[in-house]
Amino acid sequence: MSAKPYGLIATFDNTPDVYHAAEKVRDAGYKNWDCITPFPIHGLDRAMGVKRSKVPPFSLAGGLLGFTTGMLLIFWTSAVDYRLIVGGKPYFSPLYAFPVSYELTILFTAFATIGGMFFLNGLPMHYHPVLKSDKILSGMDDKFHIVIESSDPKFNLANTKALLEQAGGKDIEELEA
Amino acid sequence: MAAHAHSSAAQPAILNEVNPTPFPRATLVENNRSFGWVTDKICGIIEGKTPTWWWVCFILACCVASFTVAGITYLVATGVGVWGHANPVNWAWDIVNFVFWIGIGHAGTLISAILCLLRQKWRTSINRAAEAMTIFAVVCAGIFPVFHVGRVWFAWYLFPIPNSNQIWQNYRSPLEWDVFAVSTYGTVSVLFWYVGLIPDLAVLRDRFFKAGNKVRSFLYGTFAMGWRGSNRHWSNYEMAYLILAGISTPLVLSVHTIVSFDFAVSLLPGWHTTIFPPYFVAGAIFSGFGMVLTLMLPLRAIYGLQDLITQYHIDCMCKIVLATGTIVGYAYGMEFFIAWYGANPNEGFAFINRAFGHYAWAYWVMISCNVITPQFFWFKKVRENTALVWILSIFVNVGMWFERFVIIVTSLARDFLPSSWGYYSPSIVEIFTFFGTFGVFSVLFLLFIRFLPVMPMAEIKAVMPQADVHGGHDKAHH
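Protein chains in written order, with my numbering: chain D, 251 to 427; chain Z, 69 to 546.
Keep in mind the hints are simulated off the structure, nothing from the lab.
Given the structure is predicted, the values throughout are model-derived calculations rather than measurements.
A portion of the hints provided could be inaccurate.
[Said to hold, decoys possible] As a list, the in silico BS3-like pairs of lysine-lysine whose alpha-carbon atoms are at most 30 angstroms apart:
(1) Z:Lys189 - D:Lys382
(2) Z:Lys282 - D:Lys385
(3) Z:Lys282 - D:Lys411
(4) Z:Lys387 - Z:Lys448
All chains should be built: construct the whole structure from the sequences, respecting the hints.
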């Protein structure tokens, strides 16, 4: 392969192996790297040094927006745009507006949470070097992989390969960019 | 070893002194299966040839569904008067069926959201199918109120969209709350389900690609959004899933609470009670688990999923049916007590009339199915008899339909003015429409088991012992 590879991919057979290997890669100071796993492995975030997810602020923003939307919608439609006395009650009260605002809070939170998750993950991304590799099939099934990207400042084909080998990685391949 | 040091650091010191008996964790996947086995088993259902029974059931379900189409077509062409509604019973089968179906949906959300928050790992093998059940049940539920509005082409008046009358919705009405509750519930259920499906769709994308089926690979791949199992993605995904579970929990409770407000906020004896919200929620979960059992037990037998839906899973579901059924039974008793204790003659009459009036037959069907049936689940022998569990689950479904019938129709048929009392019977059009919804539901569910993974592979793998990074097989000392 003449062009610069996207990175190196190494295979691991079980979760303890990939977990301990991830600790080694993290301790070696790599930043642009990833684990490819068929399911979320408990504790792997810490082993990789991945920080707490930033999805919650999106959810909070969505929730606040939803609640405000509900209250403003009901206030504007019943007390501003078309005032109508129903049951001799005031035009607007936050109490009767609550159930609808509550549901809209949840609705907007759900959209914001999922939207935030996609945004933070950079998805949808239907084209990715990892997806081009044959290893993705086992990576979605029962094998575990570590990918170290060549964009990492510490990346060096020989040294990185040695690190992955020493960490127990098998079948180390270059990923086509 | 590392695992022990890690876990004992997190344990309170008292545990070392009292030395509690190790409580064995139930096995969630039996016969020590591998990750690969799970993938092959679940994908195999989709990848294999369409079985003959599937076609038979599908065609049958389409025929049944056509009854709803016929019933609704006739209603739209003629008018809502083709239903058996007449003063004083202006809500009848349509609202009964609406509450019945929406209640069934609630078990799916309970399994996917509440049990997720409670870290009940056994939910993993049933949550996908239960969430599918939720969505399809909401579809069936939605049919009834939408067509009950009469001129269905004006149903969009329910939403705050500017219309030619320039008038807005009455947000004081629980019926308007219901519009928002049910549409939010449907939407969030679909979103939650879809998020759960993404990693599994990616598995199917890659397997169909490998098998050379480019069309299906493309379709699954499109919906998989380019998922590649990245742990950095999983981190956000897990957080999003947790938040969705966190908001779906108050959602599911609020939806049936608001459904119960449709009745409780009115002034009709038998409806106007504060017990309705918790009583409706418990009943919804009760009926939903009944339906989960009705659906999952045949699925388990047909596809040989005994290693994934184990006896432990069935036990858990039966116990939830038992618990919620008992709550429902308690609520029936409490309603009677309050009717007497409240000393309101109209309220007292409404309840005596329920049990001994013209609709007494419906009341006692309800009591037998909802109060007596679940009590069989106290016995291990019953829970281990799959055929019997299935039959009892049908009784639960029947009983919960009758509960809504009893609540709605008996209260309306005997309202405040004896001169307006009546007796309601459904018309053939209503019967057709309701019967057909079982076909609609079955068609959707059959399509689901044919084209989508019936179990969340990623979630099942994550709760298998091999998934533990500290070597799961020696977990006994945890």
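Cross-check of the supplied hints:
The suggested pairing of Lys189 (chain Z) with Lys382 (chain D) is violated, with an alpha-carbon distance near 34 angstroms, which exceeds 30 angstroms. Pair hint Lys282 (chain Z) plus Lys385 (chain D) holds up; C-alpha atoms about 18 angstroms apart against a cutoff of 30 angstroms. Taking the CA atoms of Lys282 (chain Z) and Lys411 (chain D), the gap is about 34 angstroms. The hint is violated against a cut of 30 angstroms. A C-alpha spacing of about 10 angstroms is found between Lys387 (chain Z) and Lys448 (chain Z), which places the hinted pair at or below 30 angstroms, so the restraint holds.
Hint compliance for this structure: hints 1 and 3 are broken, all remaining hints hold.
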